Every structure is written in C-alpha cells, then in structure tokens.
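Chemist: Here's the letter readout for the chains.
There are 2 protein chains.
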Amino acid sequence: MAAAVDFWFDFASTYSYPAAHRVRALAAQAKVAVNFRPFLLGPIFKAQGWNTSPFNLYPAKGRNMWRDLERLCADLAVPFRRPEPFPQNSLLAARVALVGLASATQTRSWGDDFCVEVFRTEFGRGGQIGDETGIVAILARLNVAPEPVLAAARSDAVKAQLRAQTEEALRLGLFGAPSFTTTDGELFWGNDRLDQALRWAVKAL
Amino acid sequence: MAAAVDFWFDFASTYSYPAAHRVRALAAQAKVAVNFRPFLLGPIFKAQGWNTSPFNLYPAKGRNMWRDLERLCADLAVPFRRPEPFPQNSLLAARVALVGLASATQTRSWGDDFCVEVFRTEFGRGGQIGDETGIVAILARLNVAPEPVLAAARSDAVKAQLRAQTEEALRLGLFGAPSFTTTDGELFWGNDRLDQALRWAVKAL
Chain A
4 MAAAVDFWFD FASTYSYPAA HRVRALAAQA KVAVNFRPFL LGPIFKAQGW NTSPFNLYPA
64 KGRNMWRDLE RLCADLAVPF RRPEPFPQNS LLAARVALVG LASATQTRSW GDDFCVEVFR
124 TEFGRGGQIG DETGIVAILA RLNVAPEPVL AAARSDAVKA QLRAQTEEAL RLGLFGAPSF
184 TTTDGELFWG NDRLDQALRW AVKAL
Chain B
4 MAAAVDFWFD FASTYSYPAA HRVRALAAQA KVAVNFRPFL LGPIFKAQGW NTSPFNLYPA
64 KGRNMWRDLE RLCADLAVPF RRPEPFPQNS LLAARVALVG LASATQTRSW GDDFCVEVFR
124 TEFGRGGQIG DETGIVAILA RLNVAPEPVL AAARSDAVKA QLRAQTEEAL RLGLFGAPSF
184 TTTDGELFWG NDRLDQALRW AVKAL
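Chains as they are written, first to last, in the working numbering: chain A, 4 to 208; chain B, 4 to 208.
The following block holds chain A by itself, in its conformation from the complex:
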C-alpha cells in the first residue's frame, strides 16, 4: 500500500488556491499519492449558522485573509488577484471536476489539471468561475471538449456524487477548506498543514 492523502477543497475557498498550486509537487517529493476531493462548503457553513463565507461575516478576519493570501502568493511567486464577487459560486466547477476526476481511469485524465486551472483563473487572474462561460473557457485551455462534460456534470449521477462527497466531508469532521485526511483518520485543516499531512501519511504506512 502506498502513502496517500485526500485533498479536500471547495473552489470558492481562498486558501485552497496555494494548496492546489503546491500539492502535486510536494506530494510527489514525499512519495505520497493525492486524491483531489472537491466538495461544497455551503452546507457545512450552514450547519455552523453561516449563510456566506466567514471572511465576509467577520470583516477584520476577511481583511487579514486577503492581505495574508497576497503575502503568501508573493512568497510562492504565484500571481494573485482578488475575484469579484467573493465567494464565487463553486457548484458547476465542482460537478465538472468530478467528471474530470472520474476520467482518471480512462485513457486521458484531466481532473487534477482542471482543478488547478480553476483556482489559477479565479485567484491568479481574478476571473469568473461561477458560470458556464468561465468553465467552458477553462476546459478549452485544457483541450477538453466542453459539451459532453457539461452534460455529464448536469446528470443526476454526478449531482448525487457531489452530495455524497460533501456528506462524507461532514462525517470526517471537516469544517473548512482546504483540508487533508489520511487513511488512519487524521484531519489536517488549512494550507499551512499540507506538509505535516504529507509527513503523517508517510509515517502512517
């Protein structure tokens, strides 16, 4: 059995951007397999009594988050631009990601690339990822024909899969994103815990 980490994220989550940017290279270096697990924070925030991002509900926290993210991206030498509105609607992107991630067993996998490219569009260029136009443009950049993907993303099967993924996140105790879980049941919350999660996954073998 190889070491593995589940990487949980919502496409609207700000700190999931640096995590998505870093996770594949760091995991490869640590010889840990990464499973991309998009889910929806909305139902999880609702369970905590929030109807939007806590960064909007608590302005001082929000102001610091944007500045912190700017500093983090500068340290990583990745572009940063704040999207408007925030948060973006992440529902369609998450469903499309599930279609792409399921394609991993086929000849050509574009799931992980799609996820990274969504974050780059949204927080690197301040682009729109909440509507079909934005998603089609991202698929085009990856040379993926959009029509069959969008049709699959709107199927009842994929809708149910995203609901199940979000319910699993709740069951695992997730309350924010990004989060990392290991096969022995540890939960690590936040971009700042990526390295520790990878070390744990290796140790847990």
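If a hint is listed, it holds; no wrong ones were tucked in.
Given that identical chains are not distinguished, each listed pair holds provided it fits within a single copy or across any two copies.
Distance condition first, Cα-Cα at most 27 Å in a straight line; then the derived BS3-like pairs of lysine-lysine:
1. 64 x 49
2. 64 x 206
3. 162 x 49
4. 34 x 206
None of these hints come from the bench; they were simulated from the model.
Computed from a predicted structure; not experimentally measured.
Given the structure of chain A, go ahead and fit chain B onto it with the hints provided.
Modeler: The following block gives chain B in isolation, referenced to the frame of chain A:
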C-alpha cells in the same frame, strides 16, 4: 533602529502557547526584538457576536484545534495537556503580566518569563491560571514576591493599561491570537505566521 515585532496574545488562547514557547529563540536568531503584548480577546470576540471561544461555539473546529495543538506540541517536543475549564479566565494573568513587563526598565525583569510560564502551566500541565492561587504559584516559581505584584495588578492604572492595550489591538485590526504586528503596520495572525512576521520585520527596516 532595530527590527521589532509586537507579539499579541491572550492567556486563554491555545495557539499562543506554542508561539510563546518559540518566539524568543526565533526572534533572537533573526535579530528581532519582541515586545510581549497581552490583551483580552473577550471584547474582540464580543464585537464579532461571540460570548465564548469560537472553539467552543463551533465543535468541529474545536475538536480539530485540540488534536492539531497536540500534534504541534509533539513536533515541538513540548508537553501538552488540555486545561479544564476552557477557556480559562485570563484577566488577572494579563494584569500581572503588565506589571511584570513594566518592570523591564528596572533592575530585574520577569515579565516575559511570567508569560511563558503561564502558558506552560495552563497548556503544558493543564493547570489553573484563572485565579489568584494559580498566579501566586507561578510568581513563586519565578522567585517574585506575590503581594506587591497583586496589589499593583489591581490598581486602576494597570486596569486602564490593559483596557488601552485591548483597544489598541482592536484598532490594529486584531481579531484573534496570537498575532504579530510590525512597525510598518503589517498584521500576521496565528502561530503559523511567526516566522513570516520575523522575516517581514527584518525586511521592513
């Protein structure tokens, strides 16, 4: 002018424990002066609509914080034991700390040592720091005569000083602890940002 960082903390704050444990050695290594700035999170949480720690208000977040802190302390090889009740009342400790920190200009300074020892007692041994008995025991371990210190801690001047310190924290945009501020107005939130804050302080010179 030397590089300097203000280290803001509340004695009830869990992540201020590893920060207090690490800050002096890391700052000395980076050649950055550290000003210990105890304040009260209570009024700041109240401004966000919370009547206790968010770790108590949001159970999933709280469960992860205790586990995360346990893992962090194991990595740092410092003892960890969860205090009951949580949060501890930090008012008296903060006032006593101000008395000790003011003693820095005198022949013998015990302010920083007191702060570190309060955190060690509370989160390293799960001890009580909310009442006079706990504080007297800590002062005794530092060979500081408790009576004049407690009298000073209860003076109107020290009470006003702690209120002013908390108001300054709010003005600087603090919303949690630990936080680090630099002379050029940057705010870094969390134990995870200590190293970055020190680097920034050096760069800002």
